[in-house]
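K.L.:
Sequence:
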Amino acid sequence: MFRQSSFRKSFASLTSASLATLATVSQTAAGGRALECYEPVHRPALYDTVYEDVMVSPGGQLVDYDPPIYGTSEGLEQIAPPRVTYEVVPAVTRTVYRTVKVDDGGYAWEWRVIHGRKVLCKVWRKARYARVAEAVIVEPERVRRVVLPAEYENVAREVLVRPERRRVTEIPPSYRTVGRRVVVREGSTRWRRVHIPRHCLD
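Here my numbering is used: position 178 in the sequence shown is 180, and no number is missing along the way.
No lab work stands behind these hints, which were simulated from the structure alone.
Mixed in with the good hints, there may be bad ones.
[As the list claims (entries may be wrong)] Straight line, CA to CA, 35 Å or less: simulated DSBU-like cross-link-like pairs of lysine-lysine:
no.: 1; residue 1: K103; residue 2: K128
no.: 2; residue 1: K103; residue 2: K124
no.: 3; residue 1: K120; residue 2: K103
The task is simple: from the sequences and hints, build the whole structure.
P.N.:
Here it is as structure tokens:
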């Protein structure tokens with residue numbers, strides 16, 4: 003392989019030098035007969051299609067979230083415990099009427115006018131009485147023990163019906179196969195000797 007490559011390089015150098023010489027001879031000696039003729043032979047580049055997978059999407063996670071649901075629950079709850087208290091019961095009274103002596107009466111001196119004359123007279127007065135009202139206690143004041151029962155009431159409270167839920171879905175990455183052209187062999191140009199009758203010598 004090394005020898006062929008060396009041979010080709012030597013041949014190419016020789017050919018280039020010969021062509022340059024031929025060009026020089028043809029320019030200096032126009033109309034001279036060509037001894038050797040060469041023509042370029044082009045070999046196009048060779049391409050191929052290579053297919054490979056490329057990532058279209060890196061993937062990830064899809065989270066589906068449902069919030070919690072709350073409701074209302076009503077129930078009978080104790081708002082005050084049983085307790086004991088004391089209260090004062092006032093006395094019970096009754097009104098009683100009785101007659102009392104207001105004035106004992108007896109002898110007394112008083113001024114009087116008799117026949118136009120003002121004179122001091124000794125007079126007899128009867129005892130005077132009056133009817134008075136008096137409150138009589140029927141039942142005296144007392145302290146009474148009172149037992150109060152527990153107190154209940156309907157109370158509405160918020161309760162959790164369903165807790166929050168999270169659903170995580172894994173999304174794998176996605177790929178796509180694409181093709182691209184690659185060079186399998188580079189293009190090249192070589193010289194090939196040709197024989198043209200009456201122009202190039204054999």
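K.L.:
Indicate, hint by hint, whether the structure satisfies it.
P.N.:
Evaluated hints:
no.: 1; hint: K103 x K128; verdict: holds (11 Å)
no.: 2; hint: K103 x K124; verdict: holds (22 Å)
no.: 3; hint: K120 x K103; verdict: holds (32 Å)
Of the numbered hints stated above, none is contradicted by the structure.
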